[in-house]
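Chains as they are written, first to last, in the numbering used here: chain A, 48 to 163; chain B, 2 to 114.
Certain hints may be false.
One side only, chain A facing chain B, incomplete, derived with CB under 10 Å [said to hold, decoys possible]:
id : residue
1  : Asp77
2  : Gly89
3  : Leu90
4  : Asn97
5  : Arg132
6  : Ala135
7  : Val136
8  : Cys139
9  : Ala140
10 : Arg144
11 : Gly155
12 : Gly157
Worth flagging that the hints you see were computed from the coordinates, not collected in a lab. Note that beta-carbon positions come from the ideal geometry of N, C-alpha and C, so glycine has one too.
What follows is the residue order along each chain.
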Amino acid sequence: DAGVIQSPRHEVTEMGQEVTLRCKPISGHDYLFWYRQTMMRGLELLIYFNNNVPIDDSGMPEDRFSAKMPNASFSTLKIQPSEPRDSAVYFCASRIRRTSGTNEQFFGPGTRLTVL
Amino acid sequence: GNSVTQMEGPVTLSEEAFLTINCTYTATGYPSLFWYVQYPGEGLQLLLKATKADDKGSNKGFEATYRKETTSFHLEKGSVQVSDSAVYFCALSEDTNAGKSTFGDGTTLTVKP
Chain A
48 DAGVIQSPRH EVTEMGQEVT LRCKPISGHD YLFWYRQTMM RGLELLIYFN NNVPIDDSGM
108 PEDRFSAKMP NASFSTLKIQ PSEPRDSAVY FCASRIRRTS GTNEQFFGPG TRLTVL
Chain B
2 GNSVTQMEGP VTLSEEAFLT INCTYTATGY PSLFWYVQYP GEGLQLLLKA TKADDKGSNK
62 GFEATYRKET TSFHLEKGSV QVSDSAVYFC ALSEDTNAGK STFGDGTTLT VKP
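Chain B extracted, bound-state conformation (with noise of 0.2 Å):
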């Protein structure tokens, strides 16, 4: 089945440092891969997201770029603020899984001024 391994939290970095999240999956197929991000108190949200080897998905300054031949979509950020102190999900969803999505963990990111 599929599988989602996320690098363990919880991560502390001072702000404006360089953020570097791990994940790897296992999928039957070919899985389109996301990061989400759940702010205190919120629900999750989809930060970015790639439906295709070597493809770049980037929003509000992270980055993650869809490796097959390593099976990794790690996120990255090369300055971090206080305001981006959140849980960071990694996820697969193949159409062929009948619909659901396959998470990770959780990494939970603290950025300190």
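Next comes chain A alone, as it looks inside the complex (with noise of 0.2 Å):
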């Protein structure tokens, strides 16, 4: 199982370029969850789909913050145009749902964005 997987791990980028973080989930998961965490702010959901599904983008913070899930094993989240203050580490996790049990999350590495 290779877990969670992100690209990039680094991303430094000017102030207005547009930004894409990549996500691949865990086979057979069937929620992904993006996260943003900060020292000022922490851990941020920002959006989660299921089954391809956004279900809830009350986190993103404004217009600039785009996802999409065009498949089961393959998630973007875009920033466009990125400013300095989106500089964080980003997170995705999956899950799977089950009717019994626990129903931990699997995170990523995370991508490190730096925006200048």
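Put the complex together from the two separate chains, hints included.
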């Protein structure tokens, strides 16, 4: 099991540029979550999908942020245009819905984004 | 709505000291409870979990007991090591909450030799 895969691991870009973060969830998982982590705000849920459909995007900071999940094995988080305040570590996580037992999330290693 | 409140950090301990990180929760239903750990430069990973009242989750010497009467899930370890230095997150999840989890703010633990 490869776990949740994110790319790139590090991204440095200039203000105004478009940034695309990528995530491959664990095979068979039907939920996918995007989080942002900063020192000031901690861990924030941005958006999550169930069976490729966005369920709750109330955490997306503004229209500059968008997320897609075109199929069960791939999701993107896009920031356009990027701003310095978007600098953070972005995590993707996935889980499987179980009828019994626990439903923990599995996190990827994160993408550290720096916007200059 | 659901919420998780955990002990504010940072926490600094000497090696072999006893650790307690408090966690209390508010939930509309009957949640599963979790502790996640985040080592420097890594994502969160599950440390332990419990699904019903009086269940004790344990892993790597850490323990936490699901206390429904006090709505708590405190994390304990009898003797910490330098390698336990990390950020610890308490979390809950309910299937009735459409699949998402609620996380606490995290507690940073530093263990000094």
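Against the structure, the hints come out as follows:
1. Asp77: Since the shortest Cβ distance to chain B is 9 Å, the answer is holds.
2. Gly89: 5 Å, holds
3. Leu90: With a minimum Cβ separation of about 5 Å from chain B (threshold 10 Å), the hint on Leu90/A holds.
4. Asn97: 6 Å, holds
5. Arg132: 20 Å, violated
6. Ala135: 13 Å, violated
7. Val136: 9 Å, holds
8. Cys139: With a closest approach of 9 Å, the Cys139/A hint holds.
9. Ala140: Status holds, d = 8 Å.
10. Arg144: 7 Å, holds
11. Gly155: At about 5 Å, which falls below the 10 Å cut-off, the nearest Cβ of chain B leaves the hint on Gly155/A intact, so it holds.
12. Gly157: 5 Å, holds
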